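Visitor: For the record, the sequence lines run as chains D and Z.
One point on numbering: in the working numbering, the residue at position 148 of the first sequence is 150, and numbering is uninterrupted.
One point on numbering: in the working numbering, the residue at position 124 of the second sequence is 126, and numbering is uninterrupted.
The hints are simulated quantities; they were obtained by calculation from the structure and are not laboratory data.
Just to be clear, a hint being listed does not mean it is correct.
Claimed, not checked - Residues of chain Z placed beyond 12 Å of chain D at every Cβ, according to the derived structure:
#	residue
1	Tyr5
2	Asp44
3	Asn109
As the list claims (entries may be wrong) - Within a straight-line C-alpha distance of at most 27 Å, the following computed DSSO-like cross-link-like pairs (lysine-lysine) qualify:
#	chain 1	residue 1	chain 2	residue 2
4	D	Lys129	Z	Lys244
5	D	Lys142	D	Lys194
6	D	Lys194	D	Lys26
7	Z	Lys57	D	Lys26
8	D	Lys116	D	Lys164
9	D	Lys26	Z	Lys224
10	Z	Lys247	D	Lys107
11	Z	Lys247	D	Lys12
12	Z	Lys143	Z	Lys107
13	Z	Lys244	D	Lys98
14	Z	Lys57	Z	Lys10
15	Z	Lys247	D	Lys176
Keep in mind it's a predicted model, so treat the numbers as computed, not measured.
C-beta: ideal position from N, C-alpha, C; glycine also.
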Amino acid sequence: MNITLDRRSKTPLSQQLEIDLRLKMIRGELQPGAVMPSESSLSAELGISSSEVIKAYEALANGNHLTLKNSTWVVSFGKVSRIIFEKFTSLVDIIKLTGSTPKIKTLTVSKDYKTPKDISVEMPLGKILFARRLYYGNDKPMVLVDCYFPQDLFPGFDVILKSDEPYYELFKSKFNLEFSRSERTIEALNLKKREAEIFDVPVGSAYSYSIVKTYDTLNRLIEVNVCWLMPDAMHFTIEQDE
Amino acid sequence: MYYLFVNKSSKTPIYQQLATSIRLAISDHVLNHDDQLPTDEDICVQFGISNIVVKQAYSVLASEHLITRIRGKGTYVTTVPQIEATFSDFRQLDQQFSNLGVTKKLNLIEVIDHHDLAYSYLNLQEGELAFRITLSAIYQKTPVYCQEMVLPCSWFPNLDKVFINPNYSVSMLAKDMYQLPLAHSSHDFSLENLLSSTSQMLQVTRHEAAYVFRSTYRDTHKKPLFFIQSTYPGRYLKLTYKQEKQ
Chain D
3 MNITLDRRSK
13 TPLSQQLEID
23 LRLKMIRGEL
33 QPGAVMPSES
43 SLSAELGISS
53 SEVIKAYEAL
63 ANGNHLTLKN
73 STWVVSFGKV
83 SRIIFEKFTS
93 LVDIIKLTGS
103 TPKIKTLTVS
113 KDYKTPKDIS
123 VEMPLGKILF
133 ARRLYYGNDK
143 PMVLVDCYFP
153 QDLFPGFDVI
163 LKSDEPYYEL
173 FKSKFNLEFS
183 RSERTIEALN
193 LKKREAEIFD
203 VPVGSAYSYS
213 IVKTYDTLNR
223 LIEVNVCWLM
233 PDAMHFTIEQ
243 DE
Chain Z
3 MYYLFVNKSS
13 KTPIYQQLAT
23 SIRLAISDHV
33 LNHDDQLPTD
43 EDICVQFGIS
53 NIVVKQAYSV
63 LASEHLITRI
73 RGKGTYVTTV
83 PQIEATFSDF
93 RQLDQQFSNL
103 GVTKKLNLIE
113 VIDHHDLAYS
123 YLNLQEGELA
133 FRITLSAIYQ
143 KTPVYCQEMV
153 LPCSWFPNLD
163 KVFINPNYSV
173 SMLAKDMYQL
183 PLAHSSHDFS
193 LENLLSSTSQ
203 MLQVTRHEAA
213 YVFRSTYRDT
223 HKKPLFFIQS
233 TYPGRYLKLT
243 YKQEKQ
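Given only the sequences and the hints, what does the whole structure look like? Please build it.
Guide: Here it is, written out as structure tokens:
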């Protein structure tokens, strides 16, 4: 297997191996169903201890990328999603497109929120209601969203949000308000420790970072969110005519 | 190094003071793109501070992408602007970078008989010959993205003699020079940690997050003609996307 590890790097060898193997899967060099070399043969090939290989395999298994079948490791992840941004796709839709069952967990809700300095978003919302939510796909954390809502527009929203329903549906059912458009930035960033722990992946993993502004049919800004999206969900194909 | 300032009696950590003074020097244009910064040791000796403090200051600035540390070479100021592009215009990225003054440099032309990834995109068998060309796009002296192209020798005979100007589009070359019936293209978009070889070539942090486009160009019968992989480190590119509810 063509893998190069950097022994001088601060990143542990097992994490380097994990990242390299995941990359091979994303690129299609390792297809779903492929049998991985055994821990001992890969460790011999790379000249590292087999415990490092086991650590990497277990981390990949933890993210549903590898499965242990009859004591051999088999690739269980591949080019799943072919998301084409043609029509509006909510976070729940994106998770469904990756072939996973979505589940939402609201981690924090707070009223009269002050936006932290490190998020350079203009907040023309007046009083702010803040919610941090984690979206799971097949019980694996896939998206972390920090949402900022205009508090006065959504009375009682802090309580309703705890129902863990997708909030676009809550806008409609509870406030009879519909979104009409959104503006999104997409950046490629390396995860910092705080977020890496939430996603349970190595620090420095490449994640998609977005700032999204959503407007309703009256063209009012009804939500600003900052969202971290796992790279598996940002993997898609665009077809064009030349 | 006159722009450096440290007040040891201040409560602000010294590494922060160092970082702040370099940040100021950059914003005041005392330091400009590609200027070399003093070595860790020079600063240690000059200010009588520990090596770790200097390393800390430089690593803060590196994480803000204000400087680039190249192993065995030194520390340099990088003030390459981040391009903001709308997602639907991703085909015009080359153009946008070129408007900024980015030019492509040819790094390598070789004939290969296997390639894990490109050969599977091109439906080529191991042993079939293809040209592999690598390019890097340079802003002043800093590489901002790179491209790898794989073009089968059967479609592109004598390409090594024809491919002279790396800024000339390969699609045009295929259509005009080789009269190939180019009709479709598909573009795989993904977000990845860079491999160490690529991050070295792009002089960015190992495992930096990057956008990767893998494009396959096909003829009228959807038969693949050539493959281009473009890698854009996240620090130089920000995509934007607008959605309307139908």
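Visitor: What are the numbers of the hints that this structure violates, sorted from low to high?
Guide: 7 and 11
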